[in-house]
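Chains as they are written, first to last, in this note's numbering: chain L, 1 to 121; chain F, 122 to 232.
Take the hints with a grain of salt, since some may be wrong.
As the list claims (entries may be wrong) - Just a few of them, taken from the derived set where beta-carbon distance is under 10 Å, the chain F residues facing chain L: (1) Gln127; (2) Gln154; (3) Tyr156; (4) Gly161; (5) Thr169; (6) Phe220; (7) Val221; (8) Arg227; (9) Leu231.
As the list claims (entries may be wrong) - Distance ranges between label pairs, derived from CB positions: (10) Ile134/F <-> Thr57/L: 19 to 25 Å; (11) Ser147/F <-> Glu87/L: 19 to 25 Å; (12) Glu138/F <-> Val3/L: 44 to 50 Å; (13) Thr57/L <-> Glu138/F: 41 to 47 Å; (14) Ser151/F <-> Lys55/L: 21 to 27 Å.
None of these hints come from the bench; they were simulated from the model.
Since the structure is predicted, the reported quantities are computational estimates derived from the model, not experimental observations.
A virtual CB, placed ideally from N, CA and C, is assigned to each residue, including glycine.
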Amino acid sequence: GAVVSQHPSWVICKSGTSVKIECRSLDFQATTMFWYRQFPKQSLMLMATSNEGSKATYEQGVEKDKFLINHASLTLSTLTVTSAHPEDSSFYICSARDGGGAGTYSNQPQHFGDGTRLSIL
Amino acid sequence: TQLLEQSPQFLSIQEGENLTVYCNSSSVFSSLQWYRQEPGEGPVLLVTVVTGGEVKKLKRLTFQFGDARKDSSLHITAAQPGDTGLYLCAGEENYGQNFVFGPGTRLSALP
Chain L
1 GAVVSQHPSW VICKSGTSVK IECRSLDFQA TTMFWYRQFP KQSLMLMATS NEGSKATYEQ
61 GVEKDKFLIN HASLTLSTLT VTSAHPEDSS FYICSARDGG GAGTYSNQPQ HFGDGTRLSI
121 L
Chain F
122 TQLLEQSPQF LSIQEGENLT VYCNSSSVFS SLQWYRQEPG EGPVLLVTVV TGGEVKKLKR
182 LTFQFGDARK DSSLHITAAQ PGDTGLYLCA GEENYGQNFV FGPGTRLSAL P
């Protein structure tokens, strides 16, 4: 159980292109999804927290207009890197948490997708 | 936001040796998770610990949550090359309001 699917796994595109990454929870409902960025040989850096049906909460220093997050359903969140540039090249990872419903605490951990390696030329 | 420290940052050992990785914070967590990540993949959950003093075992891996729920350790017995990877601890703040990741311990278990 607790499978999270992330797609695509690898993207190479030209500078100025917008890229959409999908994160799906396959066998549970994820009221909360998280988006991370990871640089080589470093730990995960949280970019934003996404709650179904509401606006994402972005970490300090992360541009909202650059990294658009949509969490339209309990099983799908998307991250769109708009007008991507070479400095946006990175490994992006999503995670999902079985939230247990509004106003409740489910004591469930995050489950991660396999990541998306984005390379901007 | 709380900070999590992990030690050591890098560890290179021979197959068959034992090792311990530590995860420390100055504040209390609702729960703590350990993950292992291999290059080019997402982190894979190994264990969640919730109760202070809790010990969980997963084959050759033993996880312990400190009594005060501020720290945790991961002990691997008789390491194997397949244990190689980045080990991350993650603390849950305020019952799900936020998760904090440690910087990771990169383990190389050589044959």
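Agreement of hint Gln127/F with chain L interface, Cβ distance less than 10 Å: 9 Å, holds
Residue hint Gln154/F, partner chain L, criterion CB-CB below 10 Å: This hint holds: Gln154/F lies near chain L, its Cβ roughly 5 Å from the closest one there, short of 10 Å.
Consistency of beta-carbon spacing, Lys55/L to Ser151/F, with hint 21 to 27 Å: 25 Å, holds
Hint validity - Phe220/F Cβ closer than 10 Å to any chain L Cβ: Status holds, d = 6 Å.
Satisfaction of the Thr169/F interface hint, Cβ to chain L closer than 10 Å: 5 Å, holds
Interface hint for Val221/F, Cβ within 10 Å of any Cβ on chain L: 8 Å, holds
Interface hint for Leu231/F, Cβ within 10 Å of any Cβ on chain L: 18 Å, violated
Distance restraint evaluation - Thr57/L, Glu138/F, Cβ atoms, bounds 41 to 47 Å: 43 Å, holds
Chain L contact restraint on Arg227/F - CB to CB distance below 10 Å: 7 Å, holds
Given hint Gly161/F near chain L, where the shortest CB pair must fall under 10 Å: Holds, because the Cβ-Cβ distance from Gly161/F to chain L comes to roughly 7 Å (cut-off 10 Å).
Consistency of beta-carbon spacing, Thr57/L to Ile134/F, with hint 19 to 25 Å: 40 Å, violated
Beta-carbon spacing of Glu138/F to Val3/L - inside the hinted bounds 44 to 50 Å or not: 34 Å, violated
Going down the numbered hints, you'll see the structure goes against 9, 10, 11, 12, while the others check out.
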